[in-house]
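Undergrad: Below, each chain spelled out in residue letters.
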Amino acid sequence: MSTAIIAAPERRAADRHPLVLIAIWAALLTVPFWLPFLGGYTALAGRVLVFGLAAMGLNMLLGFTGVLSFGHAAYFGLGAYGAGLTLRYVVHSTPLAMLAGTLLGGLAGTLFGLLIVRRRGVYFAMCTIAFGQLWYYLAYSWNGFTGGFDGLRDFHREPIGIGPFTLDITQGGATFYYFLLAIFAIAVALMGLILRAPFGRTLVAIRENERRARFLGIPVEQHIWLSFSISCFFTALAGTLYALLNNFADPMTLHYSLSGYFVVMTVIGGMRTFWGPLLGAAVFVMLQDYISSMTVNWMSFIGVIFILVVLFFPRGLLGTRRRPAAG
Amino acid sequence: MAQVILFNVTNGLIIGAFYVLMALGLSLILNLSNVINFAHGNFLALGGYLAFALSPTLGYWGALLVSPLLVGLIGVAVERLMVRRIYNRDPVYSLLLTFGLAFVMQDAARYIWGPNGLPLGLPAVLAQPISADLFFITWYRIFMVTVVIVSVAGLFAFLRYTRIGLRIRAGTLDLETVATLGINVRHLRTFNFAVGCFLAGLSGVLAAGQIGLNPNMGDDLLVPSFIAIIVGGVGSLIGTLFGGLLIGMAAALTTVFYPAASEAVIYAILMAVLLIRPRGLIGEEGMLS
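Protein chains in written order, with the working numbering: chain P, 1 to 327; chain A, 1001 to 1289.
No lab work stands behind these hints, which were simulated from the structure alone. Every residue, glycine too, gets a C-beta built ideally from N, C-alpha and C. Treat each hint with caution, since some may be false.
Computed Cβ-Cβ distance ranges for the label pairs, DEER-style [stated by the list, open to error]:
{"no.": "1", "chain 1": "P", "residue 1": "257", "chain 2": "A", "residue 2": "1124", "range": "51 to 61 Å"}
{"no.": "2", "chain 1": "A", "residue 1": "1129", "chain 2": "P", "residue 2": "311", "range": "20 to 30 Å"}
{"no.": "3", "chain 1": "A", "residue 1": "1253", "chain 2": "P", "residue 2": "32", "range": "54 to 64 Å"}
{"no.": "4", "chain 1": "P", "residue 1": "257", "chain 2": "A", "residue 2": "1271", "range": "20 to 30 Å"}
{"no.": "5", "chain 1": "P", "residue 1": "149", "chain 2": "A", "residue 2": "1009", "range": "28 to 38 Å"}
{"no.": "6", "chain 1": "A", "residue 1": "1114", "chain 2": "P", "residue 2": "150", "range": "21 to 31 Å"}
Listed below are several chain P residues computed to face chain A (Cβ distance under 10 Å; list not exhaustive) [to be verified]:
{"no.": "7", "residue": "115"}
{"no.": "8", "residue": "118"}
{"no.": "9", "residue": "125"}
{"no.": "10", "residue": "133"}
{"no.": "11", "residue": "136"}
{"no.": "12", "residue": "142"}
{"no.": "13", "residue": "216"}
{"no.": "14", "residue": "263"}
{"no.": "15", "residue": "271"}
{"no.": "16", "residue": "299"}
Only chain P is shown next, with the shape it has when bound in the complex (with noise of 0.2 Å):
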């Protein structure tokens, strides 16, 4: 039973050391007290906590699968419409409107998943391409209902009533940043249990040696396509909180460009590390903000980016300090 144990020692010596979980979780929960001595806002680090909650999500497949999805954009959009949706038309409810948004995102993924099972590598990602599309084309075409071209609007996110009291997140703010903090932390908690149960050891044998994980009679295509539900629901649960967060949701959110983003950040932080994709979000988003102030040609220089990262940085942040110890 080698197999499934292998990648454990290197994952461990990587960021899951205490005092780096400590230096994290510190820095995420005082972020409203140093950002704006750095020229940052509170609202650029809640876009940091979604957009590495999806990246976060998408490495569950990418990182710890082996499985490329450069779709994870559809997913992320339909938790966003299915959270703007909800708001707009059917109840006033922050909580109901993000569990539908979830299961809207998730749901989708799991019924797609079992279309591609199959495929691999560079097969796989060019069907979760091309399916993706059609939720961007869908929310572009069907103006009445989705807002079109323009993206939703006319929805807010409410204050959440627990027992008899209200937590009021309808401003920005610190007490917004604590609201997306803390689910945050649940959802990654729940990742992390996920990843460190015998099914997440057995989707990294899957990484590791898929036909030996074949020989040892696990079910790849099964695991495969549950790592791909799951990763698919995480993503869709930061897809709501992005609706929430912008009372907004467009159809750029559904665009294969933002898979793109998604998969450069968890390559920037390191694919194989489970808090690379927040620390790749974090300086994605960083960079986007600063550049796309500085000049109208930040495509380019978000290029650029990607293609200095494929040449030169292909390991990520904390992928780079894991490797002396992988061998």
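Using the hints, position chain A against chain P.
TA: Leaving out everything else, chain A in the frame of chain P:
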């Protein structure tokens, strides 16, 4: 009604022809090098813009010939400088690389030629309709379809009857063995990438004459080309040919009856194929996994 249907059938043929030309180039690169070229739509736009830049000096016909060749040469440079480095790495890197390249190329086109649409002037003879009854069919449409047919036939003949074509086909099946037989696989892949870019450039010049130029003119063709490849069957160029024609015609004919669903029908075909015949209409068993 007959005219409406005829109009949309010709439209379908033309759209399908563009899908075919795009998808064949993508498919060539995918089959031999296992790389999805995200920037393929931008090579298309580049072809159109180069024709725009060249036509004042070379005239339309000169630009039509030279521009795709230049795009092919740029393809050689891109392959040598960047794409080549990621052949043996995880597929995620090739996607990210060409995706970044697509961003840079699109922004460069916007920077050089501006964000607004530009027209590509056509020779007067091509701009005429073929008759008063069929006023919607210009000679240019016939010309486009003819060029596509000739180049597709040329491509297949090239792959079938020349030594390099044979090597490309063999490399698609088993690149390692081809390399073992003493064939320079690096050059083969570079050349193959250039042929793919040439086809994109050619479709760019043709498309520019019909819809004009804009920096993201290739974007709308990219995903349908992926779908054409999947529907036709990955690994089969004939499959890609049929896949492209099928979805082009299906989209155009749907426009006659229910315009809003013309995009959706492409995805319906994709899902039906994935569900019923996962290897694609003409794909070979095992190519997909």
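Undergrad: Does each hint hold? Answer for all of them.
TA: Okay, the hints, checked on the actual structure:
no. : hint                       : verdict
1   : P/257 - A/1124: 51 to 61 Å : violated, 40 Å
2   : A/1129 - P/311: 20 to 30 Å : violated, 50 Å
3   : A/1253 - P/32: 54 to 64 Å  : holds, 57 Å
4   : P/257 - A/1271: 20 to 30 Å : holds, 23 Å
5   : P/149 - A/1009: 28 to 38 Å : holds, 29 Å
6   : A/1114 - P/150: 21 to 31 Å : holds, 25 Å
7   : 115                        : holds, 4 Å
8   : 118                        : holds, 6 Å
9   : 125                        : holds, 6 Å
10  : 133                        : holds, 5 Å
11  : 136                        : holds, 9 Å
12  : 142                        : holds, 8 Å
13  : 216                        : violated, 19 Å
14  : 263                        : holds, 6 Å
15  : 271                        : holds, 7 Å
16  : 299                        : holds, 4 Å
Hint compliance for this structure: hints 1, 2, 13 are not met, and every other hint is.
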